[in-house]
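There are 2 protein chains.
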Amino acid sequence: MKVMRSIDEMQTYALRLQAQGRSVGFVPTMGALHQGHEALVRRAREENEVVVVSIFVNPIQFGPKEDFKKYPRTLARDEELLKEGKVDILFLPGAQEMYPEGFSTFIEVPSLTRTLCAPFRPGHFRGVATVVAKLFEIVRPARAYFGEKDYQQIRVIGRMIDDLKIPVRLVACPTVREKDGLAVSSRNRYLSRAEREEAVKLYQALYLGRELVERKIMQDSKKLAARLTQVLSTIPRGRVEYISVVDPITLDAMTQIRRPALLAAAIWIGKTRLIDNVIIP
Amino acid sequence: MKVMRSIDEMQTYALRLQAQGRSVGFVPTMGALHQGHEALVRRAREENEVVVVSIFVNPIQFGPKEDFKKYPRTLARDEELLKEGKVDILFLPGAQEMYPEGFSTFIEVPSLTRTLCAPFRPGHFRGVATVVAKLFEIVRPARAYFGEKDYQQIRVIGRMIDDLKIPVRLVACPTVREKDGLAVSSRNRYLSRAEREEAVKLYQALYLGRELVERKIMQDSKKLAARLTQVLSTIPRGRVEYISVVDPITLDAMTQIRRPALLAAAIWIGKTRLIDNVIIP
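Line by line, the protein sequences give chains W and R. Residue numbers for the first sequence follow numbering that gives the first Met the number 0, so the first one is 0 and each next one is one higher. Residue numbers for the second sequence follow numbering that gives the first Met the number 0, so the first one is 0 and each next one is one higher.
Honestly, the hints are just simulated from the structure, not real lab data. Among these hints, one or two may not hold up.
No distinction is drawn between identical chains; accordingly, a pair holds when it is met within one copy or between any pair of copies.
List of simulated lysine-lysine pairs, DSBU-like, C-alpha gap at most 30 angstroms [to be verified]:
(1) K164 - K68
(2) K69 - K178
(3) K1 - K215
(4) K69 - K222
(5) K82 - K1
(6) K222 - K164
(7) K68 - K222
(8) K85 - K178
(9) K164 - K82
(10) K1 - K85
(11) K215 - K270
(12) K82 - K178
(13) K164 - K69
(14) K270 - K164
(15) K64 - K164
(16) K69 - K215
(17) K164 - K178
(18) K69 - K82
(19) K1 - K222
(20) K164 - K221
(21) K270 - K68
(22) K64 - K85
(23) K68 - K221
(24) K1 - K178
As the structure is a prediction and not an experimental result, all values here were calculated from the model.
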């Protein structure tokens, strides 16, 4: 596995691969890799000649009060894991090179950033779209791999790819879950053992919500959210940020639930923010 | 000369050229071609194996009260001119295909869109940056050619290219002028004969302004603007929108004029808006 830290080195290499007609599969990450990332890497390995993984904790997608500084950084372990996954190139750009003095270009996808996480994380998806577009220009992948846990992120990036005609295929991969159902996430590390045990209630609530809709017991999204908030209210130091039912394509909120729908939630347990979602087909 | 109207056809063709290692020179235009465009095409022809010119009157860079509908469209004549210029491909995308239902991705360059034309044309540079980024993805040029008359546009696109690491070289070409000094522009067609005669005063004012600064007669940008406004006030039905002295790189306004500086202006003559600029080296 080659490790590249320079943007120019990575882009020059990628342009050469492109000229040789060799397909690149790309997994952009913020490190602190887990089984979810491993699944993305596996899929990229199966479908491409060259696999590039980037690790970059992107400052511009964190709000001023968010966890940029304490976001877990586990580079040595990440490298081991990527070697085992037969990754060809680990791309490690520096923040100074990604955002040099005078940097001032930002990509926004307004229609998909009005619901779900967006109002609670102003600027987050602008930061995500901008960094992903830049990474695409540098790495020049044929396919890029993202996990469905970050459903809104996938929709925003997919919209950007389509709208700007970026010749990248977005591959959305199913959320990987722990045995009890908790979606794996780098931020799960923040949880104490007691919090970790409670965290499964997020998945249980979404699972219950899907059942209630599928069995036509509930069709009103406000009532559903109230019911699931009840379930989550049993978590000590827990707080619901949102529980929303939205159109899976437009992400527009639904009052009366029509299917397919996306049921998504963000909760806080102590100082840790967790998100998850299920599709109600 | 091939004429391509489909985005997919153009992009597929461009990707093939790229895989063959053939360099594309790209001249994005809104049509109504003139000697300024001819100079861009000539330069592109000299420096690249394949020359692509696009004609697309980009709706999202016009404000609701601007001249999108009446913007001159002279396709038959444009085609002739491009054939004479030995252009290989004329790309004519449709607005419906460029901005399909649900389109919602926009690129902004805030630091360069606070002065000059930007406050008078809200959304203009967002429309320009977005369409140019999309055209780059489709046409995949090695070099792209723009005229210095649209100085702020060049700076915005240059910043976007650098910030997003788009592998395109921006080639800025000198403003082409009529014999009397008027910068050639598609919008000059709007001028009556009498207005056309008066329009040269825009260039004369800028030329005078440069002299006043170079000879150190004036160093204060407000006083300079007042002096030049005087010159322009002799134009019947004329109105100065702005006369500004800015840093040529950051486009920040200068109170005391330091060199190099950019002296730029926008004026209205009747219903026609004209812009021009000179560098004070």
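My question is about K69 and K82: at a cut-off of 30 angstroms on alpha-carbon distance, are they close within one copy, between copies, both, or neither?
The answer is within: 25 angstroms in one copy meets 30 angstroms, while 60 angstroms across copies does not.
Homo-oligomer pair classification [K1, K82; C-alpha up to 30 angstroms]:
within (10 angstroms within a copy, 48 angstroms between copies)
30 angstroms Cα threshold - placement of K178 relative to K69:
within (27 angstroms within a copy, 64 angstroms between copies)
With 30 angstroms as the alpha-carbon cut-off, assign the pair K270 and K164 to within, between, both or neither.
Classified as neither: same-chain Cα gap 39 angstroms, cross-chain 36 angstroms, threshold 30 angstroms.
Between K164 and K82, at a C-alpha cutoff of 30 angstroms, which is it: within one copy, between copies, both, or neither?
between (32 angstroms within a copy, 28 angstroms between copies)
If the cut is 30 angstroms between Cα atoms, do K85 and K178 qualify within a copy, between copies, both or neither?
This pair counts as within: shortest intra-copy Cα distance 26 angstroms, inter-copy 65 angstroms.
Pop the pair K82 and K178 into one bin, within, between, both or neither, using alpha-carbon distances up to 30 angstroms.
within (26 angstroms within a copy, 66 angstroms between copies)
How would you classify K222 and K164 at a CA-CA limit of 30 angstroms: within, between, both, or neither?
neither (40 angstroms within a copy, 47 angstroms between copies)
If the cut is 30 angstroms between Cα atoms, do K164 and K178 qualify within a copy, between copies, both or neither?
neither (39 angstroms within a copy, 42 angstroms between copies)
My question is about K64 and K164: at a cut-off of 30 angstroms on alpha-carbon distance, are they close within one copy, between copies, both, or neither?
between (34 angstroms within a copy, 29 angstroms between copies)
Which holds for K64 with K85 at a C-alpha limit of 30 angstroms: within a copy, between copies, both or neither?
neither (37 angstroms within a copy, 57 angstroms between copies)
At 30 angstroms max between alpha carbons, let me know whether K1 reaches K85 within a copy, between copies, both or neither.
within (11 angstroms within a copy, 44 angstroms between copies)
Hints 3, 4, 6, 7, 11, 14, 16, 17, 19, 20, 22, 23, 24 from the list above are not met by this structure, while the remaining hints are.
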